[in-house]
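Q: Okay, here's what each chain looks like letter by letter:
There are 2 protein chains.
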Amino acid sequence: MITVLAGGVGAARFLEGLRLTWPEDDITVISNVGDDLEVYGVHVSPDIDIVLYSLAGMVDRRGWGVMNDTFHFIDALERFGYETWFRLGDRDYATSVFRSRRLAEGASLSAVSAEIARSLGVRLRLLPITDDPLRTMVSTTAGMLEFQDYFVRRRTQDEVLKIAFAGEKRAKPAPGVLDAIAEADAVILAPSNPLVSIGPILAVSGVRAALRETRARIAAISPIIRGGVVKGPADRMMRSLGLEASALQVARLYEDFLDVFVLDVADAELADGVAELKIQPVVTETIMSGLEEKRRLAAATVRGLGLALP
Amino acid sequence: MITVLAGGVGAARFLEGLRLTWPEDDITVISNVGDDLEVYGVHVSPDIDIVLYSLAGMVDRRGWGVMNDTFHFIDALERFGYETWFRLGDRDYATSVFRSRRLAEGASLSAVSAEIARSLGVRLRLLPITDDPLRTMVSTTAGMLEFQDYFVRRRTQDEVLKIAFAGEKRAKPAPGVLDAIAEADAVILAPSNPLVSIGPILAVSGVRAALRETRARIAAISPIIRGGVVKGPADRMMRSLGLEASALQVARLYEDFLDVFVLDVADAELADGVAELKIQPVVTETIMSGLEEKRRLAAATVRGLGLALP
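Chains as they are written, first to last, in my numbering: chain Z, 1 to 310; chain L, 1001 to 1310.
Excised from the complex, chain Z in its bound form (with noise of 0.2 Å):
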């Protein structure tokens, strides 16, 4: 069993390789639910979203959202004053309602998702990280906002002052996590944004403590190569946090659990950095641009854990 904490796009496009590498009823996702946000009447759930249409193969080629889908619903609530900043495309939406109905009438989040997975046909077990309300909280130079306003409203231009996850406190795993952690073969930490995506999974009480004791090797790929990211505002972020926007900080900010880093080529020369942390290094082309390439990405990492590939 290999479990994976994830985020959105960057993680999406990992298990898309991995499945092709590893048996996907042997996969578990831990899924971050810190930019769940509540609009149009509706629970969105938008990393779960994203990869669960990227696993159905039914995931618009932007990264988000459904294949071709339309906006006419959103579209029209404007003219009753609704703000539609979120783009929420129609077919996008009813697995939103579905989800909203059935947390309505008292299932949790890991009920419903479990649900929406099989609806869709994915086959992978997959887990949001609490199945209690934590939401990030971005404090900036324009005020505190919710996640999805700092990155979707104002498109991630205000300086980062701090990162808060409300509900951080009360938030307990979802029946499952800690066990999908200890029990793991092995664990990996997709290529998402170590803030805002890992961030808000390793907030949850117990998470951190129980990578720290697992018997499984754990792997983080990252998302940072060369100082700059693929998709998202992880180094600006960092920069403004006062942290180096760097492969080699993003190992050091796992360093107390983690076994293995993979790091992109074009970062090879931090590969000394990494090891010092007695962190092994894994230099491999990260960059995921096309399936082959997802699929080269998963192998080399759980080869880099010590897994023989089925």
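Hints were generated in silico from the structure; no laboratory data involved. There could be a bad hint or two in this list.
[Said to hold, decoys possible] Computed footprint of chain Z on chain L; a stretch qualifies when at least three of its residues, placed anywhere within it, have a C-beta under 8 Å from a C-beta of chain Z:
no.: 1; segment: 1067-1078
no.: 2; segment: 1225-1237
[Said to hold, decoys possible] Have a look at the derived ranges for each label pair, beta carbon to beta carbon:
no.: 3; chain 1: L; residue 1: 1185; chain 2: Z; residue 2: 62; range: 56 to 62 Å
no.: 4; chain 1: L; residue 1: 1139; chain 2: Z; residue 2: 84; range: 41 to 47 Å
no.: 5; chain 1: L; residue 1: 1104; chain 2: Z; residue 2: 227; range: 45 to 51 Å
no.: 6; chain 1: L; residue 1: 1067; chain 2: Z; residue 2: 107; range: 58 to 64 Å
no.: 7; chain 1: L; residue 1: 1106; chain 2: Z; residue 2: 143; range: 26 to 32 Å
[As the list claims (entries may be wrong)] Not close to chain L: a few residues of chain Z, all C-beta gaps over 12 Å, as computed:
no.: 8; residue: 16
no.: 9; residue: 69
no.: 10; residue: 72
no.: 11; residue: 74
no.: 12; residue: 84
no.: 13; residue: 89
no.: 14; residue: 145
no.: 15; residue: 159
no.: 16; residue: 209
no.: 17; residue: 284
Glycine residues also receive a C-beta, built at the ideal position from the N, C-alpha and C atoms.
For chain Z, the structure is supplied; the task is to place chain L on it using the hints.
A: Same frame as chain Z, now just chain L:
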């Protein structure tokens, strides 16, 4: 002020003509809510929406829903086990999401309907007959059916044994309804199904008495032409309830309060029968094939009521 009792498509077409004949600001529409339903997590008011979309110039050619709408949302819901026979379009759904949010916030259906009318740019006043739950139930050979179940899912295929209005005893007229009847210069019953469109309106306590007592003259336009209908199941419903499916029978249903009855030229021979009921017959073209035909029918009705056209 002219007050119009209205169902769906027939009423919407008539109102498109009426506002070319009479100032829109001096028209009040009292709308049927017996075919309202809860579906896909929202409250849908089909008759209200048909009238508002028509008057906003955005109704689809088929007579309901938004012009050129797509059905991506409800088709996507099928994956999650929803029945999707009630075809609510993506743009159409937005109206009901707004309505449901406002109802959940404690707004009345009349308040929300006024907000929707304003948002769509419709100037005339539209009042639901009641803010309370009132649901048309159709007892058939296939069992007791909610109206949309009979009308849409089972395509009016079942023989109708009885029609009832759940909530009838407790439903109070919405604010303004009784005054709109009492203080009108004229009241018009649109060419709508007398049993399931006008029927629920007349079933609300105090409404029929208000029609009997108002000093306003009252006209009705027959939705039945030569024993048939332009649209809908009114003729079959009447027959299976043991009523004659004729314009004259429609006049008889309103005999206790009606002053003027508009019937089609094809039914001219029924005019004497109408006159015998002490109701003034107006024989004219009633098929509203285009805007000019709608305007002419409205003008003939207004003239029949003895009102001077402005």
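Q: Run every hint past the structure and note whether it holds.
A: Cross-check of the supplied hints:
no.: 1; hint: 1067-1078; result: holds (count 8)
no.: 2; hint: 1225-1237; result: violated (count 0)
no.: 3; hint: L:1185 to Z:62: 56 to 62 Å; result: holds (58 Å)
no.: 4; hint: L:1139 to Z:84: 41 to 47 Å; result: holds (44 Å)
no.: 5; hint: L:1104 to Z:227: 45 to 51 Å; result: holds (48 Å)
no.: 6; hint: L:1067 to Z:107: 58 to 64 Å; result: violated (37 Å)
no.: 7; hint: L:1106 to Z:143: 26 to 32 Å; result: holds (30 Å)
no.: 8; hint: 16; result: holds (20 Å)
no.: 9; hint: 69; result: violated (7 Å)
no.: 10; hint: 72; result: violated (4 Å)
no.: 11; hint: 74; result: violated (7 Å)
no.: 12; hint: 84; result: violated (10 Å)
no.: 13; hint: 89; result: violated (8 Å)
no.: 14; hint: 145; result: holds (23 Å)
no.: 15; hint: 159; result: holds (35 Å)
no.: 16; hint: 209; result: holds (36 Å)
no.: 17; hint: 284; result: holds (37 Å)
Comparing the model with each numbered hint stated earlier shows that hints 2, 6, 9, 10, 11, 12, 13 do not hold.
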